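Listed in order, the protein sequences are those of chains A and B. Its first residue numbered 4, the first sequence is counted upward by one per residue in our numbering. Its first residue numbered 733, the second sequence is counted upward by one per residue in our numbering.
If you are wondering where the hints come from, they were derived from the structure by calculation, not from laboratory data. None of these values were measured; they are calculated from a predicted model. Do not take every clue at face value.
Restricting the straight-line Cα-Cα distance to at most 25 Å, the calculated cross-link-like pairs of lysine to any residue (SDA-like) are [as the list claims (entries may be wrong)]:
id, chain 1, residue 1, chain 2, residue 2
1, B, 823, B, 1047
2, A, 99, A, 117
3, A, 161, B, 823
4, B, 1217, A, 393
5, B, 1217, A, 164
These are the residues of each chain, in order.
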Amino acid sequence: MSPAKKKSPPKPKRALLRRREMAADHRLGPGALRELAERIIKFSDADETEVDIGAVTDALTRFANNTIHQNVAEQNLTVSVRTVVDGRTARATTNKTDDESLRRVVRAAADLARFQPKNPDLLPMLKQQKTQKVARFFPATATAMPAERARAVARVCKATATAKQTAAGIFSTAMVETAFANSRGYFAHYEQTRAEFSVTIMEKDSSGWAKANSPNIADIDPDALGASASRKATASRAPKEIPPGRYTVILEPSAVLDLVGFLFYDFAGTAVLDQRSMFNKRIGTKLFGDNITICDDVYHPLQLGTPFDGEGVPREKVLLVDRGVPRNLVYSRATAKKMKKQPTGHGFSLPNEYGEAPMNLVFTGGKASVDEMVRSTERGILVTRLWYIREVDPYEKILTGMTRDGTFLVENGKISGGIRNFRFNQSMIEMLSNVEMLGEAVRAAGEESFEMVVPAMKVRGFHFSEVTKF
Amino acid sequence: MRDWANWAIDTAKVRGATFADARVMDIRHRDVSTKNGDVGNLSESESLGIGIRVIAGGAWGFAATDRLTREGVQACAAEAVAIAKASALAKTHDAVLAPEGPHVDTWQGPFIKDPFRIPVERQIDVLLAADKEMRRVKGVTLAEGSMSFRRIEQYYASTEGSAIHQLKMLSGAGIVATTFAGSEIQKRSYPNSFGGQHMQRGYELVESLNLVGNAQRIAEESVALHSAAQCPEGTSTIILESAQLGLQIHESVGHPIELDRVLGMEANFAGLSFLTLDKLRTLRYGSDIVNVVADARLEHGPGLGTFGYDDEGVPAQCTPIITDGLFTGYLSNRETAAAIGEKRSGGTMRTESWSNLPIIRMTNISLLPGSWKYDDLIADTDDAILMSTNRSWSIDDHRYQFQFSTEIGWEVKNGKIGRMLKNPSYSGITTEFWGSCDAICSREHWTLWGTPNCGKGQPMQTMGTGHGASPSRFRNVKIGAAFAK
């Protein structure tokens, strides 16, 4: 059920190269962004001033019923200013970059800051930090043209129509530049690109889904993803209804991601201070199985994201769970001071009420393939994707949601056919204690969580509570 | 704004567009929050730009920019046309729009007190006073409060001659008391979860909520939940108070009636709908007393789904969705209305920002009031569970099987509200659930709630929607499945 091996991307033609060069003009670069940041800081008479600049160029081609029905592009540059006035801080943001507007946004941040109680936890802004370089900018992604996306979509739609199936999905490309500067002379710049293709392929009573994203458009193979979704739609025809209950499940990486993505806020020091984390009073005690090890690592080759946090602190790799035992949390500067820890580089832009969170979870994987998990299962359920997951109980971490777009019964080591979709109510503590097999950790893409590096999992005793009508 | 929009549609026409419209939006936002006696978030933002939508070569293109020079707008319009021509590479049919006469108009939402002119220290003071009241209650481990304000000025112009200026002011506020004890985290929110109540009103909304006066009560309830009995598992009569019922309407009526979803356009993300076209005017959606409308007109109330014109220039309308229990209408735009042979769009195209393409969104999807007095409804109920304030919500991608849990519940026995229950939940199938409705409270108990965080579309857009409801009773509902072992 995994995508077939991808083909080499076609070589761009000469006319396309010229248009790509034009599109590359949107990239501002660290020099221009530093100049803009310094101009803004000069407008400020606050005690301290911090500037965040974000420049986004985003394009997305959307298709349904085997045709493109939406095709959009966006350019936006936002300037966000935080000022500190007499121990108080506030933020104002604008996308208007003329001098008058920039002066106004600086004034707005200062005015907001003045009229509030002093913040005893506020720390001085950082001086220049040494941040690690990461290379996540691919020109071919940044300059991808609408016609390239449309041609790929047209191929998938044609193949789908030929198979008498119906396709819906998206093909998007984006480029993001971020600059962070403050009045103590700190400056950091980061840029990344991102390409994403996702597709749902449907038949009368069945469907299949596949999705991938990467900073490099060359890693995305729409044809292979379409073929995978098509095979799932075919294989899940005429779904049978089987009763709810506890089953062994094989969760493909997208399904795992959308579940474990709900853990990330719990690893925040602030969440523990606020006593709303599932790790309240559980740090250092065995909570999950021996085969569960989780770290946060923005430098992992399959991850994306800035190597510095919202306060400019360089991000550190943090071991969060070691062989089933939650060991560490992540900390912003203020939270670290309160909890007598060191900041880990996971703070959000100030001011905020949530503190910090690990945004780059990496699970340690295993060696089993999904096919091996199926072969080892006497009776179980293979889940492609989950949907509309919500938290039912924050401390036991019970989540509810539905299976979707490719749910199969496994019998005697083989997929025996599609089944109607289930609702689950499942504690994450229990689930991560019942993992029998782990696949290789991959960059997974879902719809409920941002991307993380997670493996497929075979889990015993997963709780399906109800079944739906399709 | 007028010049930018006109540059856009003129350029699009020159470049070969057969239809173009442009939306200039100037959006201002203020967020204030407090947590355990301190200011949490204090920020303002503004965003100005133009979104240009075109049909060229029979296909759609959209581009948006914040570069509001003549050169920047014209380049954006040209890009929209180029994108449309690329879309035509994979088209199966030409885009067709239901007719809509040109409209030249100005509309402003109702607000008395501009929240951006209220000193921020006054707003902080209210939240900190409520925070103090919550933390006075022993056992409260986390007290939070928030206010959110949004001012949206927008100008719409089209090649068909429409020119519409609108100004909307959105306000919201709420408080939450959270308690951690033993192995449980419980919470109570006022006046609703999702940041409280949100409406298209000014600061007068915040003043009407009396956050401080309700702080102690919800804090005490949050503490009391730890010693309350667990909601049982089984089948029961339930009474939903109006805010929870508002979300039930949102998920099990509002989403499945979106015609883009019905026609497969949202299949990859938001999903499909069980309300296939053959069900229009044939499906029994609910019991005879269930009447639901989609009403964007101001006379319905100042909801998050209230406007003068939608984001493709169609006037606000009231569409009967469920009439005496029968399914009677969809939410449509000009393209989907044409696709199913309707003469006119239902006027539900909305966009989060200038940078997003408008898509079909809920307006105010409301259950019309019934005839019951609340006290009479309770007195008439022998055995039920009363559930209040949403805690979790989930529904399948055809909008058929759902599960909700609420922050708090109470037993109703022999016509009286009895002991408190913790962890209430209920689940069911949409049409079976609405078919089991046997009592709806009257207009005096009806509230137009605001849901500020409805996500849909790719790229995802967040939209505010309105949902009017009054407390209502449902029979033979499955309860307690969320916590079943």
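Do the hints match the structure? See the list:
1. B:823 / B:1047: violated (30 Å)
2. A:99 / A:117: Judged against 25 Å, a Cα distance of about 23 Å means the pair holds.
3. A:161 / B:823: Within the cut-off at roughly 11 Å; holds.
4. B:1217 / A:393: holds (18 Å)
5. B:1217 / A:164: violated (45 Å)
This entry does not satisfy hints 1, 5, going by the numbered hints stated previously.
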